[in-house]
Amino acid sequence: MIGLPAVVAVLLVVGATVVIGVYGLPVSRTTSDFLVASRSVGPGMNASAICGEYLSAASFLGVAALVLLGGVDLLWLPIGYTAGYLVLLVLVAAPLRRSGAYTLPDFAEARLGSPGLRRATAALVVVIGWLYLLPQFHGAGLTLATVTGAPQWMGTAVLLGVVVAIVTAGGMRSITFTQAFQYALKLVAITVPALVLVGVWHHRGSPDPFTGYWAVPLADPRQAHPLYATYSLVLATFVGTMGLPHVLVRFYTNPDGRAARRTAVAVIGLLGLFYLWPPVYAALGRVYAPQLATPARADTLVLQLPVLMLPGMVGRLLGALLTAGAFAAFLSTASGLTVSVAGVLSQDLVTRRRGGVREFRLGAVVAAVVPAVAAVGLGDRVSLASAVGLAFAVAASTLCPLLVLGIWWAGLTARGAAAGLVVGTTTALAAVVATYAGVSSTGWPAVLLAEPAAWTVPIAFAAAVVGSLTSPRGARGSTLPLLRLHAPESLLRADEAG
Amino acid sequence: MRSQLRLSLALLAGLALVLGAVPVLGAVSPRLLHDRVGPVPVPWLVLAVAAFPAMLAAGVWYVRAAERTEAQFEDLVRRR
Numbered sequence: 004m005i006g007l008p009a010v011v012a013v014l015l016v017v018g019a020t021v022v023i024g025v026y027g028l029p030v031s032r033t034t035s036d037f038l039v040a041s042r043s044v045g046p047g048m049n050a051s052a053i054c055g056e057y058l059s060a061a062s063f064l065g066v067a068a069l070v071l072l073g074g075v076d077l078l079w080l081p082i083g084y085t086a087g088y089l090v091l092l093v094l095v096a097a098p099l100r101r102s103g104a105y106t107l108p109d110f111a112e113a114r115l116g117s118p119g120l121r122r123a124t125a126a127l128v129v130v131i132g133w134l135y136l137l138p139q140f141h142g143a144g145l146t147l148a149t150v151t152g153a154p155q156w157m158g159t160a161v162l163l164g165v166v167v168a169i170v171t172a173g174g175m176r177s178i179t180f181t182q183a184f185q186y187a188l189k190l191v192a193i194t195v196p197a198l199v200l201v202g203v204w205h206h207r208g209s210p211d212p213f214t215g216y217w218a219v220p221l222a223d224p225r226q227a228h229p230l231y232a233t234y235s236l237v238l239a240t241f242v243g244t245m246g247l248p249h250v251l252v253r254f255y256t257n258p259d260g261r262a263a264r265r266t267a268v269a270v271i272g273l274l275g276l277f278y279l280w281p282p283v284y285a286a287l288g289r290v291y292a293p294q295l296a297t298p299a300r301a302d303t304l305v306l307q308l309p310v311l312m313l314p315g316m317v318g319r320l321l322g323a324l325l326t327a328g329a330f331a332a333f334l335s336t337a338s339g340l341t342v343s344v345a346g347v348l349s350q351d352l353v354t355r356r357r358g359g360v361r362e363f364r365l366g367a368v369v370a371a372v373v374p375a376v377a378a379v380g381l382g383d384r385v386s387l388a389s390a391v392g393l394a395f396a397v398a399a400s401t402l403c404p405l406l407v408l409g410i411w412w413a414g415l416t417a418r419g420a421a422a423g424l425v426v427g428t429t430t431a432l433a434a435v436v437a438t439y440a441g442v443s444s445t446g447w448p449a450v451l452l453a454e455p456a457a458w459t460v461p462i463a464f465a466a467a468v469v470g471s472l473t474s475p476r477g478a479r480g481s482t483l484p485l486l487r488l489h490a491p492e493s494l495l496r497a498d499e500a501g
Numbered sequence: 492m493r494s495q496l497r498l499s500l501a502l503l504a505g506l507a508l509v510l511g512a513v514p515v516l517g518a519v520s521p522r523l524l525h526d527r528v529g530p531v532p533v534p535w536l537v538l539a540v541a542a543f544p545a546m547l548a549a550g551v552w553y554v555r556a557a558e559r560t561e562a563q564f565e566d567l568v569r570r571r
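Heads up: the protein sequence lines correspond to chains A and B, in order.
The first sequence begins at 4 in the working numbering and counts up by one.
The second sequence begins at 492 in the working numbering and counts up by one.
Isolated chain A, as found in the complex (with noise of 0.2 Å):
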């Protein structure tokens, strides 16, 4: 237990946040700027922006926590949750800014012409940013229950007041400058504590982490199909990020299409330079806290790992510092879901009428109500990692398949994609309803369920393309919206111009 000092970080942190969120809050005055901060924001700031949202509870706490648990073979999560970037600035980066949509919905209606297919879109926006919000205010009891000891649903409680005045205060625009600052916080907070224990693990004689099959590749005995997992695992990660919808959102923030894609690129860099570290985090944990490699407990080894390894003051003051970075994550992730989930909310699914910012802020109450209120019910058995993994497989057999057809292939016609977002959502949530249930634990049938993505993203995609295929003739899309989506803004202008 840290006690002071960490109640203190945590304090400071919200304190800043308020401080910088109440600092954007004169420009915030319509719609626009609410959702998508008036697409003024260039890309170092916006990429600032995207990790500092991105990176989340799963990443601060959950990765360290499943390389101890499972080894070499989970530091695929970390590449796959950048190399997620990749995909996403090689497929839809440039052309989802040039559809000059607000959100995912505005997209889907805008290129297939159904209002059926954007509610069903707005939907699964708001499934997946509940299901990526619950760990978020999981994780937030947790770290406060670890370092003060105080019931978990009050660091719960503390996350969503914070979360909801934020938002319904300034919208995407002060969230931006609060991102950035978010994103800076959680780089030194990961790096500094990592970098002093090592040297402690140093000085102490460098006892060998790497030992037994936990250091070797796709040995674990407790896995019955390692390389069927981890691929399953790379292919969630890798095209689950683009269905993100608080990772989307800002993509549509950026001036145009090139800063969209300089963005991503920007994204790949600064994430890489965070993910360094919370191997370390595990690697130590094998030597110094082996008694946290239970899964209940493995989500607390990074907060708990200084006080572990270094009692006195100093320890302490490391893990407040952590504590305090950890709490930026939550509070960064769930202020840009919240985001994400009230705009479709209010603009889609609650209030018939478009854009106002009173539904707004009532969309924004609800978006991060009912998770809290999960979180607290769930309690324990939610894990961190797990639950954000879940969240990757749906995006990625639902909302991927639509981006991906919808951009490049002008065949795809709103029948197909309703058929591809109804398979994949059947079948990828069946899967984490199954697993959770316990359906079954043994061999492939648990392989299959636990990692589904490897079977529902193709089967989502096949199901998109024979929809389409089987439309009558007159549904059939051309390729005249794609060449708006594809050619450069200034040929666009020169156009309108001439």
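No wet-lab data here; the hints were simulated from the structure.
Here a beta-carbon is modelled for each residue, glycine too, at the ideal position from N, C-alpha and C.
Keep in mind that a hint or two might mislead.
What follows is a list of derived Cβ distance ranges for each label pair [to be verified]:
(1) B:Arg527 to A:Ala113: 48 to 56 Å
(2) B:Trp552 to A:His205: 31 to 39 Å
(3) A:Tyr216 to B:Pro544: 50 to 58 Å
Here are a few chain B residues that face chain A, going by a calculated C-beta distance under 10 Å [claimed, not checked]:
(4) Leu508
(5) Leu510
(6) Pro532
(7) Trp535
(8) Leu538
(9) Ala539
(10) Ala542
(11) Gly550
(12) Val551
(13) Tyr553
(14) Val568
Only some residues are given here: those of chain A computed to face chain B with a beta carbon under 10 Å [as the list claims (entries may be wrong)]:
(15) Pro81
(16) Ala97
(17) Val130
(18) Trp133
(19) Ile271
We have chain A; now place chain B onto it with these hints.
Relative to chain A, chain B alone:
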């Protein structure tokens, strides 16, 4: 647009090839799995460190190529 698609697919194929090769490499040369650089085993070095600059380089290369394609396309349209 077709050349953009070709570019994207080329990069994705390269990515799949490189990533697919990593586990195969271990199967071909089991010794590599246990070799170390300093205190760190080679697979850890490849997955936890080397993978990130490699992805960054691929991204930079793609942006250059994509913008070159767009510039060529623009020239083509303007000349008519």
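Tell me, in ascending order, the numbers of any earlier hints that this structure violates. 3, 4, 17 and 18
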